[in-house]
Amino acid sequence: MAGGQGTGRSFSFKVVLLGEGCVGKTSVVLRYCENKFNERHITTLQASFLTKKLNIGGKRVNLAIWDTAGQERFHALGPIYYRDSNGAILVYDITDEDSFQKVKNWVKELRKMLGNEICLCIVGNKTDLEADRHVSVQEAEEYAESVGAQHFHTSAKLDRGIEEVFLDLCKRMLEVAQVESSRADGTSRHGTARRGVQIVDDEPQGQGGSGGCCS
Amino acid sequence: MAAKPVRKGIHVDHSELLCKKGCGYYGNPAWHGYCSKCWREEYSKARHRQIKEDRELAERLQKEEEAAYASSSSSSTTTTSRPIAFSKFEEKKTQEKARKVNTVKKFFTTSKTPSKRSMLLCCPNNFTMVRQHSVESSQAAGEFQEFLKLLRKPAAQDILKRCRACIEGIAVFILLPMFSFQPFNNFAFAGSLPEQVEKTMDNVEKYIMTRLYKHVFCPESTEDEKKDLAIQKRIRALHWVTPQMLGVPINESSPQVIDMVEKAITDIIEMDSKRVPQDKLACITRCSKHIFNALRVSQNEPASADDFLPTLIHVVIRANPPRLQSNLQYITRFCHPNRLMTGEAGYYFTNLCCAVAFIEKLDAQSLSLTEEEFDRYMSGNASPRRPTQEPSSLVDELSACPVLAPLHTNLLDLQELEKQQCQLESNAADLDRALVAWDGSVAQEVANVARKLPPKVQASISSFPLLLAEVAASPSGPLDSEVEDSITLPPPLLPQPAGS
Numbered sequence: 014m015a016g017g018q019g020t021g022r023s024f025s026f027k028v029v030l031l032g033e034g035c036v037g038k039t040s041v042v043l044r045y046c047e048n049k050f051n052e053r054h055i056t057t058l059q060a061s062f063l064t065k066k067l068n069i070g071g072k073r074v075n076l077a078i079w080d081t082a083g084q085e086r087f088h089a090l091g092p093i094y095y096r097d098s099n100g101a102i103l104v105y106d107i108t109d110e111d112s113f114q115k116v117k118n119w120v121k122e123l124r125k126m127l128g129n130e131i132c133l134c135i136v137g138n139k140t141d142l143e144a145d146r147h148v149s150v151q152e153a154e155e156y157a158e159s160v161g162a163q164h165f166h167t168s169a170k171l172d173r174g175i176e177e178v179f180l181d182l183c184k185r186m187l188e189v190a191q192v193e194s195s196r197a198d199g200t201s202r203h204g205t206a207r208r209g210v211q212i213v214d215d216e217p218q219g220q221g222g223s224g225g226c227c228s
Numbered sequence: 008m009a010a011k012p013v014r015k016g017i018h019v020d021h022s023e024l025l026c027k028k029g030c031g032y033y034g035n036p037a038w039h040g041y042c043s044k045c046w047r048e049e050y051s052k053a054r055h056r057q058i059k060e061d062r063e064l065a066e067r068l069q070k071e072e073e074a075a076y077a078s079s080s081s082s083s084t085t086t087t088s089r090p091i092a093f094s095k096f097e098e099k100k101t102q103e104k105a106r107k108v109n110t111v112k113k114f115f116t117t118s119k120t121p122s123k124r125s126m127l128l129c130c131p132n133n134f135t136m137v138r139q140h141s142v143e144s145s146q147a148a149g150e151f152q153e154f155l156k157l158l159r160k161p162a163a164q165d166i167l168k169r170c171r172a173c174i175e176g177i178a179v180f181i182l183l184p185m186f187s188f189q190p191f192n193n194f195a196f197a198g199s200l201p202e203q204v205e206k207t208m209d210n211v212e213k214y215i216m217t218r219l220y221k222h223v224f225c226p227e228s229t230e231d232e233k234k235d236l237a238i239q240k241r242i243r244a245l246h247w248v249t250p251q252m253l254g255v256p257i258n259e260s261s262p263q264v265i266d267m268v269e270k271a272i273t274d275i276i277e278m279d280s281k282r283v284p285q286d287k288l289a290c291i292t293r294c295s296k297h298i299f300n301a302l303r304v305s306q307n308e309p310a311s312a313d314d315f316l317p318t319l320i321h322v323v324i325r326a327n328p329p330r331l332q333s334n335l336q337y338i339t340r341f342c343h344p345n346r347l348m349t350g351e352a353g354y355y356f357t358n359l360c361c362a363v364a365f366i367e368k369l370d371a372q373s374l375s376l377t378e379e380e381f382d383r384y385m386s387g388n389a390s391p392r393r394p395t396q397e398p399s400s401l402v403d404e405l406s407a408c409p410v411l412a413p414l415h416t417n418l419l420d421l422q423e424l425e426k427q428q429c430q431l432e433s434n435a436a437d438l439d440r441a442l443v444a445w446d447g448s449v450a451q452e453v454a455n456v457a458r459k460l461p462p463k464v465q466a467s468i469s470s471f472p473l474l475l476a477e478v479a480a481s482p483s484g485p486l487d488s489e490v491e492d493s494i495t496l497p498p499p500l501l502p503q504p505a506g507s
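For the record, the sequence lines run as chains V and U.
The end of the first sequence is residue 228 by the working numbering, with every number in the run present.
The end of the second sequence is residue 507 by the working numbering, with every number in the run present.
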């Protein structure tokens with residue numbers, strides 16, 4: 014179930030939102046899907062599962078955005094959430110060094126569990142609080158590049174940079190999906206098999222790494 | 008760390024992926040964690056013995072069942088009339104296919120499908136399980152045939168044929184995955200709308216799963232039942248977990264919220280009674296919607312996963328849904344994967360899986376308690392709802408019990424109402440008295456005024472008996488005064504000619 018199924022010209026992608034509590038995951042996605050911030054007349058009952066339809070270069074894309082519980086106690090449940098997802102948006106708060114460390118842990122885990130097939134976006138939220146910045150721009154951008162992720166700065170409050178995050182992620186997911194489908198023409202089950210092997214290789218490290226993060 | 012996935016999907020633990028014997032090959036959960044070779048070695052002997060035992064058991068059961076069936080059909084005619092015509096037809100078909108089934112069996116035993124039960128089902132003389140359809144099965148069969156009538160004829164026949172073959176196939180090989188719908192696209196369904204294909208698939212799923220429910224739900228070849236009991240026991244042991252410990256942001260004192268939480272609990276319990284994976288998913292979705300409603304009332308903003316997951320865990324702990332693991336496994340195995348992975352229902356299902364995984368692994372740290380506290384609560388020696396000392400006040404104790412708290416507030420409200428009622432009554436009495444007094448004073452006033460009024464006016468207000476009596480007492484007085492008045496008046500003006 015490699016995701017990104019395309020029937021004809023339309024693709025559906027699953028994107029998980031990861032990050033510590035209070036970094037503004039919910040605000041980012043609400044701003045994107047409803048273009049609202051902390052307002053009374055937000056129509057949706059919940060902000061944990063939202064969908065968005067896009068059209069990128071004539072290809073219809075259905076995004077399903079899965080919010081995850083950010084509390085530390087639920088960290089171990091991550092794999093259940095992000096399995097089979099095509100993309101992940103990792104949100105941190107630029108005023109909170111700790112939340113950036115959490116993002117690093119998530120990236121490590123995702124790369125180990127899902128390999129390179131998942132597209133990552135690292136998002137530094139709350140740029141409206143630039144004066145309180147505790148995570149340096151250079152450090153964040155260098156880190157993102159080193160793990161093959163895109164880095165963005167956003168402000169859900171001022172509606173800055175949010176559209177770009179999702180657009181870039183969609184484009185990259187489309188590329189991956191197309192490469193995959195062209196490869197899957199001959200041996201469709203091969204892709205999944207390879208994916209399984211990757212997990213086996215890295216699982217022990219994953220246990221070590223996250224043991225550290227939980228302490 | 009990585010939570011051991013509740014479902015055996017693509018991502019499983021490392022230890023589960025390698026053969027348990029350590030030969031270096033990958034194992035398979037379906038082979039109890041062995042690789043194909045080790046599994047064959049390990050189980051071929053045991054299986055042969057098992058087959059023998061199963062066959063004996065099956066024969067014995069068969070005899071018992073036949074005896075029971077004979078006695079029930081002789082005692083009442085209503086039971087015999089239940090299997091409808093369609094079922095009888097099925098029975099004939101099944102017998103026809105018996106030989107075919109056996110050949111398929113051989114094919115599958117070489118591929119080491121670990122369904123001991125399949126052997127039992129394959130015994131050619133054991134058809135009772137297929138023959139006696141439950142009410143639901145008959146109903147589903149009827150509905151499905153109704154649906155097929157709406158389709159084009161060749162397509163309908165094709166589907167029916169496939170479904171029957173599939174039912175017979177799956178009834179034998181329990182772990183066989185749902186048959187592929189792919190052929191529909193290029194077979195009879197070429198040129199159909201995607202919606203129609205989707206709808207057909209839903210109906211096919213409904214029909215097949217209703218018919219096969221008994222065989223594929225919590226099958227004996229898996230450990231689902233053991234897991235059911237384990238999670239049930241676990242949840243029972245965790246009855247003391249309060250919403251505060253989980254960080255549930257709902258306001259438990261509001262009757263509206265309580266009502267919605269109750270509804271969510273009902274929905275999640277109801278899941279077990281449904282047969283079709285879609286219906287089970289719908290129950291989970293309804294439960295989640297109620298939770299979101301409760302959160303909305305409590306918080307007045309759209310709920311995020313940060314709020315939703317703890318609340319769902321709280322609901323699951325309070326509900327302790329029957330056969331929870333079996334239901335999750337059943338949905339994982341038989342629901343259409345697309346729906347499970349991308350749709351909204353899939354999201355809620357994933358959250359439920361998370362909730363269950365969390366409950367299984369829950370420890371002192373995840374509830375922000377100390378180890379000692381956690382152990383004491385788990386052993387039942389203490390309860391967070393009842394402090395170790397005697398409750399200092401009634402309110403303390405009441406606040407500990409979520410059911411009694413609203414009762415208590417209601418009682419207080421009633422007392423307040425009663426007080427207000429008393430107050431109201433005494434006020435009413437006061438008012439009554441005041442009215443009587445006022446009445447008297449008004450009558451007095453009127454009498455006083457009337458005494459000074461001319462008799463014509465007096466006559467017009469003759470309705471006052473008091474006044475009448477007074478008038479009757481002094482009939483000449485007013486008349487005299489009128490005469491006196493007319494004397495003091497100036498003489499009337501006389502008309503005078505204008506020009507004089």
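In short, the hints are calculated from the structure, not lab data.
Where hints are given, some of them may not hold.
Unchecked claim - Each pair of labels, with its calculated beta carbon distance range: (1) U:E232 with V:R196: 39 to 47 Å; (2) U:A289 with V:K65: 17 to 25 Å; (3) V:E155 with U:V204: 33 to 41 Å; (4) U:E232 with V:V150: 49 to 57 Å; (5) V:K65 with U:Y32: 41 to 49 Å; (6) U:Q164 with V:N129: 44 to 52 Å.
What the hints assert, rightly or not - Lysine-lysine pairs mimicking DSS-like chemistry, simulated, CA-CA at most 27 Å apart: (7) U:K296 with U:K233; (8) U:K213 with U:K240; (9) U:K59 with U:K168; (10) U:K296 with V:K125; (11) U:K59 with U:K221; (12) U:K221 with U:K168; (13) V:K121 with U:K233; (14) U:K44 with U:K28; (15) U:K206 with U:K240; (16) V:K65 with U:K426; (17) U:K270 with U:K168; (18) V:K170 with V:K72; (19) V:K72 with U:K221; (20) U:K368 with U:K240; (21) U:K28 with U:K168; (22) U:K233 with U:K221; (23) U:K296 with V:K49; (24) V:K170 with V:K49; (25) U:K59 with U:K233; (26) V:K184 with V:K65; (27) U:K206 with U:K296; (28) U:K368 with U:K233; (29) U:K27 with U:K156; (30) V:K117 with U:K213; (31) U:K28 with V:K125; (32) V:K125 with U:K281; (33) U:K426 with U:K234; (34) U:K156 with V:K66; (35) U:K368 with V:K66; (36) V:K65 with U:K206; (37) U:K156 with U:K281; (38) U:K233 with U:K27; (39) U:K59 with U:K44.
We treat Cβ as the ideally placed atom computed from N, Cα and C, and that holds for glycine.
Can you name, in rising order, the numbers of the hints this structure does not satisfy?
Failing hints, ascending: 3, 7, 8, 9, 10, 13, 15, 16, 17, 18, 19, 21, 29, 30, 32, 33, 34 and 35.
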